[in-house]
Amino acid sequence: MNVIEVSNLRRVYNANVGAIRRSHKEIVAVDGISFHIEGGELFGLLGPNGAGKTTTVKMLTTMLIPTDGSIRILGLDVVRDAKKLRSRIGFIYGGERGLYWRLSGIDNLRYFGSLYHLDPQATRKRIPELLEMVGLSERGEEKVEGYSRGMKQRLHVARALLHDPEVLFLDEPTLGLDPVGARDLRTIIRNLQAENKTILLTTHYMLEADALCQRIAVINKGKIVAEGSPAELKSIVSDLSVIEVEVFGSVDDFLPTLRAQSFVDALSIENREQKQVLLIQSPAGAEAVSPLLGLLAGVRVGKVIVREPTLEDAYIRLVEEDV
Amino acid sequence: MSDLSNLRANLRVIFSAAEMALRSNLTDGFVFFGIVIQPTIIALLAFWMLRDQGNDAIIYVVIGSGMTGLWTMALFISGQAISGERWTGTLEMLVATPTPLYIVVIGKTLANVLQSLVAMVATYALAGLVFGVLPRILRPGMFTLSLFFAVISYISFGLIISPLFVLNPQVRRLQNGLEFPVYILGGFFFPIALLPGWTTPLSYILPPYWAARALHGASSGGAVSDILFAIGMMILFILIYGMITARLFQRILYKARVEATLVRQ
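Sequences listed follow chains G and P, in order. Quick note: the first sequence uses my numbering, first residue 1, plus one each step. Quick note: the second sequence uses my numbering, first residue 1001, plus one each step.
Just so you know, the hints here were simulated from the structure itself, not pulled from any lab data. Here a beta-carbon is modelled for each residue, glycine too, at the ideal position from N, C-alpha and C.
Restraint-style ranges between C-beta atoms, simulated for each label pair:
hint, chain 1, residue 1, chain 2, residue 2, range
1, G, Arg80, P, Leu1236, 35 to 45 Å
2, P, Asn1006, G, Asn8, 27 to 37 Å
3, P, Glu1179, G, Ala194, 52 to 62 Å
4, G, Glu129, P, Asp1226, 52 to 62 Å
5, P, Asn1176, G, Arg259, 55 to 65 Å
6, G, Asp119, P, Asn1176, 42 to 52 Å
7, G, Arg190, P, Leu1236, 54 to 64 Å
8, G, Lys143, P, Phe1030, 15 to 25 Å
Put together the whole structure using the sequences plus the hints.
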């Protein structure tokens, strides 16, 4: 059964531009997207910065009114039935804001418990359980201002779960966390899914999406460009190999020529410490290495690897195609 | 949820929000200045000027100073009850709960108003220190009743300005300019009869004026009918503000969800 149904969703922001001659500009953040999420499913919304992920989540969580289209969650309309819906959903937005820093973690949770009209005795019992679950039992009495970013994020998880919502929206929950913090949070998300919560997760970390999500929609420039299981999305690039070429110094001048080659399907660059890595998706596999190095004449080249494509490569191809 | 349990839950939120605001204000230097330092300085100057005038003048100053604390807190701290939450990113979290936002603002404003009564107590004690004798309140019963409605009327004022400050930044720019004129037009330290006649209608539309009139009247043994009239005017303003507030909150939340301004980026 579908718990979330999104149909032709569109959201336009109005902005004023220019300091002296002010003019009005419309920015389309979400452009007619449709998808559904089944009960107990962990669904990923994947996309680059500015793709429309957060805007979509804010509309799903009743914080923004859609310009067009409809969203039904648990059979309720997010605009018309916002009040009824709010006690049945929980959300966390990435980042450290949204907590009362001068209060302790426990006081924050107690306050939100009263805002959700929870029974005070039940809240008192639930708070230690939640703090235990997010690994904050030892620090619950401390003021939030002394928490690390990861601790604040985990407190947000506890806050979102306080009223035991059926549906959870997690908007880039691991953004800015160190690897250990991110891993701990992923474990928490996995446990929540085991409790049969319906979860929508937005992220631009492929490994996270691959490891957690049953289905993924890739969103770019406000449109959904692909949807399916991680395996289905990977199959988009199954006929390709990925050639990783380490280069030192700028290669920007070479990019147009490389992109124009028939054996180059998609190309992206990653910065790794003092070197850059060219990631080239090619149907020619290892045979493309030689012509490729020929085109990079004069550039200091390090290691060259030919490997199988991952979800990240599928994502790069989808986003590049859209460009 | 039944109406009764809903009411009980909302009352719990009011007390939780008040407790939160009190704890938060305890560490805020501006609040300490607004409710203790500023009223004390004003009271000391006024005591010095009116030192030969007797009990009536002293109690007038005590109440006037207390009123400055109430007004400063209502204008600056309660006025920012919503915009402050927006700056810290907690407004979205509040809106996402089943509690109506105005319930939270009532709790925060209640804390601010009760806290600012400290100013009145502080200046009362100061008067005792300066003159060696505590000034007398001649109609304590009426004074208590007036104080109760003064607190409610300041809460209703806080409720109306907090969404106005969010809806219209121009109103917020007037914030500083509104502080001292209301000390004068509200008759906090001297009767408004001493002011030019054209300012009287302005005083009449200010709830702080009626609060000051009721409290001054009760403390100096004024006519009961006049005190009750002032209390009636406070009740009238509370009702008018209540009706406007309900619409303002609906409007501000809808507008913020359309314009994406629930949070400051």
